[in-house]
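Asks: Sequence:
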Amino acid sequence: MGIKLTFQEIHDKIFESTFRGYDQNQVNEFLDIIIKDYDLYNQIIRTLQEKIMQLQKSENHSMNTQEDILRRIRELETFAWGSPKA
Numbered sequence: 034m035g036i037k038l039t040f041q042e043i044h045d046k047i048f049e050s051t052f053r054g055y056d057q058n059q060v061n062e063f064l065d066i067i068i069k070d071y072d073l074y075n076q077i078i079r080t081l082q083e084k085i086m087q088l089q090k091s092e093n094h095s096m097n098t099q100e101d102i103l104r105r106i107r108e109l110e111t112f113a114w115g116s117p118k119a
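Heads up, the sequence shown is in my numbering, so the first residue is 34 and it goes up one at a time.
Hints were generated in silico from the structure; no laboratory data involved.
For clarity, every value in this text was computed on a predicted model and none was experimentally measured.
Idealized CB from N, CA, C, for every residue including glycine.
Wrong hints could be hidden among the right ones.
To be verified - Across the chosen pairs, the derived CB separations fall in these ranges:
#	residue 1	residue 2	range
1	46	76	47 to 55 Å
2	84	53	43 to 51 Å
3	38	94	32 to 40 Å
4	77	97	25 to 33 Å
5	48	91	27 to 35 Å
6	90	43	56 to 64 Å
7	46	103	53 to 61 Å
8	105	74	43 to 51 Å
9	46	100	50 to 58 Å
10	35	109	47 to 55 Å
11	50	74	24 to 32 Å
Stated by the list, open to error - In silico DSS-like cross-links for lysine-lysine, where the CA-CA straight-line distance does not exceed 30 Å:
#	residue 1	residue 2
12	69	84
13	37	69
14	46	69
Put together the whole structure using the sequences plus the hints.
Replies: As structure tokens, this is what we get:
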């Protein structure tokens, strides 16, 4: 599954006119709305992808901090009681 059209491809699409075809102005106005939506969706996706990366980095930092705390607790247990608690 993936994105089949970019906003530029929508913008550049040319429809042939026929005798009983659609009103060209209405089609163009509607496509302009779609193009703006596509652009907005792309911006939202980029923002969310950046947020995901930030959260993943934060999660990695938190995991490292937790591991460091557990290591220190084991070292203190060894120092205080001679062996770590299981």
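Asks: Are any of the numbered hints broken by this structure? If so, which, sorted upward?
Replies: Structure breaks hints 1, 5, 6.
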